[in-house]
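> Each chain is listed here by its residues.
2 protein chains.
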Amino acid sequence: MAFTEFRPLDEKSLIEYIKSVPALSSKLANNFNNITIKEVGDGNLNFVFIVSNSSGSFVIKQALPYVRCIGESWPMTKERAYFESLALKEEGRLSPEHVPEVYHFDRTMSLIGMRYLEPPHIILRKGLIAGVEYPFLARHVSDFMANTLFFTSLLFRSTTDHKRDVAEFCGNVELCRLTEQVVFSDPYKVSEYNRWTSPYLDGDAEAVREDNLLKLEVAELKSKFIERAQALIHGDLHTGSVMVTQESTQIIDPEFAFYGPMGFDIGAFLGNLILAFFAQDGHATESNDRKAYKEWILKTIEDIWNLFHQKFIALWDEHKNGAGEAYLPGIYNNSEVQLLVQKKYMTDLFHDSIGFGAAKMIRRIVGVAHVEDLESITDAAKRAASERRALDLAKTLLKERRKYEAISDIIAAIRQF
Amino acid sequence: MAFTEFRPLDEKSLIEYIKSVPALSSKLANNFNNITIKEVGDGNLNFVFIVSNSSGSFVIKQALPYVRCIGESWPMTKERAYFESLALKEEGRLSPEHVPEVYHFDRTMSLIGMRYLEPPHIILRKGLIAGVEYPFLARHVSDFMANTLFFTSLLFRSTTDHKRDVAEFCGNVELCRLTEQVVFSDPYKVSEYNRWTSPYLDGDAEAVREDNLLKLEVAELKSKFIERAQALIHGDLHTGSVMVTQESTQIIDPEFAFYGPMGFDIGAFLGNLILAFFAQDGHATESNDRKAYKEWILKTIEDIWNLFHQKFIALWDEHKNGAGEAYLPGIYNNSEVQLLVQKKYMTDLFHDSIGFGAAKMIRRIVGVAHVEDLESITDAAKRAASERRALDLAKTLLKERRKYEAISDIIAAIRQF
Numbered sequence: 001m002a003f004t005e006f007r008p009l010d011e012k013s014l015i016e017y018i019k020s021v022p023a024l025s026s027k028l029a030n031n032f033n034n035i036t037i038k039e040v041g042d043g044n045l046n047f048v049f050i051v052s053n054s055s056g057s058f059v060i061k062q063a064l065p066y067v068r069c070i071g072e073s074w075p076m077t078k079e080r081a082y083f084e085s086l087a088l089k090e091e092g093r094l095s096p097e098h099v100p101e102v103y104h105f106d107r108t109m110s111l112i113g114m115r116y117l118e119p120p121h122i123i124l125r126k127g128l129i130a131g132v133e134y135p136f137l138a139r140h141v142s143d144f145m146a147n148t149l150f151f152t153s154l155l156f157r158s159t160t161d162h163k164r165d166v167a168e169f170c171g172n173v174e175l176c177r178l179t180e181q182v183v184f185s186d187p188y189k190v191s192e193y194n195r196w197t198s199p200y201l202d203g204d205a206e207a208v209r210e211d212n213l214l215k216l217e218v219a220e221l222k223s224k225f226i227e228r229a230q231a232l233i234h235g236d237l238h239t240g241s242v243m244v245t246q247e248s249t250q251i252i253d254p255e256f257a258f259y260g261p262m263g264f265d266i267g268a269f270l271g272n273l274i275l276a277f278f279a280q281d282g283h284a285t286e287s288n289d290r291k292a293y294k295e296w297i298l299k300t301i302e303d304i305w306n307l308f309h310q311k312f313i314a315l316w317d318e319h320k321n322g323a324g325e326a327y328l329p330g331i332y333n334n335s336e337v338q339l340l341v342q343k344k345y346m347t348d349l350f351h352d353s354i355g356f357g358a359a360k361m362i363r364r365i366v367g368v369a370h371v372e373d374l375e376s377i378t379d380a381a382k383r384a385a386s387e388r389r390a391l392d393l394a395k396t397l398l399k400e401r402r403k404y405e406a407i408s409d410i411i412a413a414i415r416q417f
Numbered sequence: 001m002a003f004t005e006f007r008p009l010d011e012k013s014l015i016e017y018i019k020s021v022p023a024l025s026s027k028l029a030n031n032f033n034n035i036t037i038k039e040v041g042d043g044n045l046n047f048v049f050i051v052s053n054s055s056g057s058f059v060i061k062q063a064l065p066y067v068r069c070i071g072e073s074w075p076m077t078k079e080r081a082y083f084e085s086l087a088l089k090e091e092g093r094l095s096p097e098h099v100p101e102v103y104h105f106d107r108t109m110s111l112i113g114m115r116y117l118e119p120p121h122i123i124l125r126k127g128l129i130a131g132v133e134y135p136f137l138a139r140h141v142s143d144f145m146a147n148t149l150f151f152t153s154l155l156f157r158s159t160t161d162h163k164r165d166v167a168e169f170c171g172n173v174e175l176c177r178l179t180e181q182v183v184f185s186d187p188y189k190v191s192e193y194n195r196w197t198s199p200y201l202d203g204d205a206e207a208v209r210e211d212n213l214l215k216l217e218v219a220e221l222k223s224k225f226i227e228r229a230q231a232l233i234h235g236d237l238h239t240g241s242v243m244v245t246q247e248s249t250q251i252i253d254p255e256f257a258f259y260g261p262m263g264f265d266i267g268a269f270l271g272n273l274i275l276a277f278f279a280q281d282g283h284a285t286e287s288n289d290r291k292a293y294k295e296w297i298l299k300t301i302e303d304i305w306n307l308f309h310q311k312f313i314a315l316w317d318e319h320k321n322g323a324g325e326a327y328l329p330g331i332y333n334n335s336e337v338q339l340l341v342q343k344k345y346m347t348d349l350f351h352d353s354i355g356f357g358a359a360k361m362i363r364r365i366v367g368v369a370h371v372e373d374l375e376s377i378t379d380a381a382k383r384a385a386s387e388r389r390a391l392d393l394a395k396t397l398l399k400e401r402r403k404y405e406a407i408s409d410i411i412a413a414i415r416q417f
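As they're listed, the protein sequences go chains A and B.
Residue 73 in full-length UniProt numbering sits at position 73 of the first sequence, with consecutive numbering throughout.
Residue 378 in full-length UniProt numbering sits at position 378 of the second sequence, with consecutive numbering throughout.
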């Protein structure tokens, strides 16, 4: 059995496939008798198998030519696996402690073999729902963001390298279009895919569709998302794309990666933490009111931005005399102008992040794909109450983002809603 | 003699070449006895031959692998001819009345055969120096800008088409880098290529290099130039890239074309008209004080922006229910929100245009490539006086561009300096 053209693998054909790939079979010491295969893909798009025996383990992720959670009626290029593998390798090079190693990529089969993130790794979102604190989360995520965004931007690179990679990732257009549709378009119009906690939020969803100022602002963000090739971004950096233990933080699933605005990644993560915050009231019990946990989430939001800011500026200072094309050392050659440009850059990035984060919150409440943090609140009235507070905050953040100067202002706004 | 690999042509080998290309030789009715060939390349980069006989004529433009005006010490990819031919064809499709027809392109030879713009066509810049009014100039140039920029933007196109073409034009990176260097970098630092009317402007050139706020603003424009793929822009739309008669306006030389910010084209043209305005005092004689001509230039600047604005909005309205991805009809579906987004879009574009225009003015006074409008003023003191006024205005426009609301404010500012 050869694998010279694409076909979806099942647990049986997967073993044949692994036998044909030394980079994979060697992980199992070429012993296929005691092998265990488990299909665990709980995402929206792909099949994911965990393969292990007593000698070792790995994950096989295969993209199918449609959106898994919708079915063949929503086609989606399987070429996304190619861009995911490219992004995993680049992010892994820049932030090796926080990205699983890629062992194997097969473009024909749209298949990636990579490190299995062993227990007790779980999806961060599930930890947030369970109320688990992760003491290193802010440090690790800010590390990942600072390293992947700085080193793929023009602060570090030449225009030549930049345009070459921008051109390559233009090929991931179908995944970009999916984001454009579900984040920047559908929530603001009547769409068969939209849903919300009805009837409670019927009026709220309609208000989103009729808010001209909101539509004006989301158009600006959409243009920036499509047109501005600022850095290689993960493209889907929510709390479901992060696996954690108490000591480890691993960023997975960059199949939406392309050269876009940095704030889209930062905002995605912060926006999903804010959703987790508003969901906590729905998870409170008599024995655990979640108040302390909510404070931990707020502290984490604040730490992530502040640590990111600090690390990003440190990288900039360290490489300010390097090959980065944006601010040539011969021009930005005194500490006063250096401070000026850094302040402006980081302020713009902050406002972008708040805007994109707010857009990601809105789409999770009135768009097609919701978050388990809120969906798992079974009492619909209670869920709607949390969702409305998150939605109202997000609308304010999106429209007023330029008025906020520091992350502490955002924390204060979250407390107000 | 075959032309299977690149070599620079001279008048003799050019005839052999033409004989081997039916699309060209047919223009001459295959008659090579009474042929005339004239090398007329007065630009900085290429060789240009006019070929004609009694039956017809055309122009041959060949790119060499270096910058012609500097020599082999400044290498420059001859692949630029490929991007020039792509851009000529696309612009010709969108604005056929104002772009010369391409008859032939040879990628191996980096050679374009195109329509010869017969006398009395002259380079617009020379007409401006001579004090000639062109009654259709504003109408024609605004037509060209509105058509080429609108139809290659996301106001008209899908993201799929956009990203495909963005990727293709990423290949023109060497020409983009040249612009980055000579427009956005060299004038703001010590560079062996910079020159200015010395000693008069020594202090002014130094002041540019030490103006932190100016450097802050030019960095923002440089980022936008590199990162923002808004539309297919000409990339070098100054008054030397336009040929005119009283009735005809033809845009040539788009070898710097790529997907960039629209304001770069609009600003280039307006900025060069402002330079022409300030040069007039140096061309005044006792019999012609050029006062009426200066008014015509100001009127032309005002008309170009206003006509562009009007045509661009008309195209937008006409196609607002089309396939353009930026503002979907299902969202921007009432006249109030339509007005809001158009006002914001055009205001941003206006500020971009003023900023880029100012940067183009500055680089023509203290950077490597100057303009004949000013260079032809032989009295250095007089020239420096014109240049200083233009430079001071440009610095103000670049730093304060967001404060201007209409083109009439710019005209008022020009009059003040």
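Fair warning: there could be bad hints in the mix.
Below are the PhoX-like pairs computed for lysine-lysine, each with C-alpha atoms no more than 25 Å apart in a straight line [said to hold, decoys possible]:
1) B:291 <-> A:343
2) A:399 <-> B:189
3) A:403 <-> B:19
4) A:224 <-> B:189
5) B:189 <-> A:403
6) A:344 <-> B:38
7) A:343 <-> A:224
Pulled a few chain B residues facing chain A out of the computed Cβ check, cut under 7 Å [to be verified]:
8) 102
9) 105
10) 123
11) 131
12) 132
13) 160
14) 163
15) 215
16) 227
17) 330
18) 336
19) 338
20) 339
21) 340
Source of the hints: derived by calculation from the structure; they are not laboratory data.
None of these values were measured; they are calculated from a predicted model.
C-beta atoms are modelled at their ideal positions from N, C-alpha and C, and glycine is treated no differently.
> Hint by hint, note whether the structure agrees.
Checked hints:
Restraint check for residue 291 (chain B) and residue 343 (chain A): the C-alpha separation of about 45 Å exceeds 25 Å, so the hint is violated. With a CA separation close to 39 Å, the supplied pair residue 399 (chain A) and residue 189 (chain B) exceeds the 25 Å bound. At most 25 Å may separate the alpha-carbon atoms for a hinted pair to count; residue 403 (chain A) and residue 19 (chain B) exceed this at roughly 67 Å. The straight-line distance between the Cα atoms of residue 224 (chain A) and residue 189 (chain B) is roughly 30 Å, outside the 25 Å bound, and the hint therefore fails.
Distance check on the hinted pair: residue 189 (chain B) and residue 403 (chain A) sit about 34 Å apart at the alpha-carbon level, beyond 25 Å; violated. Pair hint residue 344 (chain A) plus residue 38 (chain B) does not hold up; C-alpha atoms about 53 Å apart against a cutoff of 25 Å. With a CA separation close to 20 Å, the supplied pair residue 343 (chain A) and residue 224 (chain A) stays within the 25 Å bound. The interface hint given for residue 102 (chain B) is broken, as the beta carbon of that residue sits about 24 Å from the closest beta carbon of chain A, more than 7 Å.
Interface hint at residue 105 (chain B): violated, since its Cβ lies 21 Å from the closest Cβ of chain A, which is beyond the 7 Å cut-off. Checking residue 123 (chain B) against chain A by beta carbon gives a least distance of about 30 Å; that is not within 7 Å, so the hint is violated. Of the supplied interface hints, the one on residue 131 (chain B) is violated, with its beta-carbon coming no nearer than about 38 Å to a beta-carbon of chain A, more than 7 Å. The interface hint given for residue 132 (chain B) is violated, since its Cβ lies 39 Å from the closest Cβ of chain A, which is over the 7 Å cut-off.
Taking 7 Å as the C-beta contact cut-off toward chain A, the hint placing residue 160 (chain B) at the interface holds, the least distance being around 5 Å. A least Cβ separation of about 4 Å between residue 163 (chain B) and chain A falls short of the 7 Å threshold, and the interface hint therefore holds. The interface hint given for residue 215 (chain B) is met, as the beta carbon of that residue sits about 6 Å from the closest beta carbon of chain A, less than 7 Å. Against a cut-off of 7 Å between C-beta atoms, the interface hint on residue 227 (chain B) holds, since the closest Cβ of chain A lies about 5 Å away.
Interface hint status for residue 330 (chain B): upheld, as the beta-carbon distance to the closest one in chain A is roughly 4 Å, under 7 Å. The interface hint given for residue 336 (chain B) holds, since its Cβ lies 6 Å from the closest Cβ of chain A, which is under the 7 Å cut-off. For residue 338 (chain B), the interface hint is violated, the least distance from its beta-carbon to any beta-carbon of chain A being 9 Å, above 7 Å. This hint is violated: residue 339 (chain B) has a C-beta 9 Å from the nearest C-beta of chain A, more than the 7 Å allowed.
For residue 340 (chain B), the interface hint holds, the least distance from its beta-carbon to any beta-carbon of chain A being 5 Å, beneath 7 Å.
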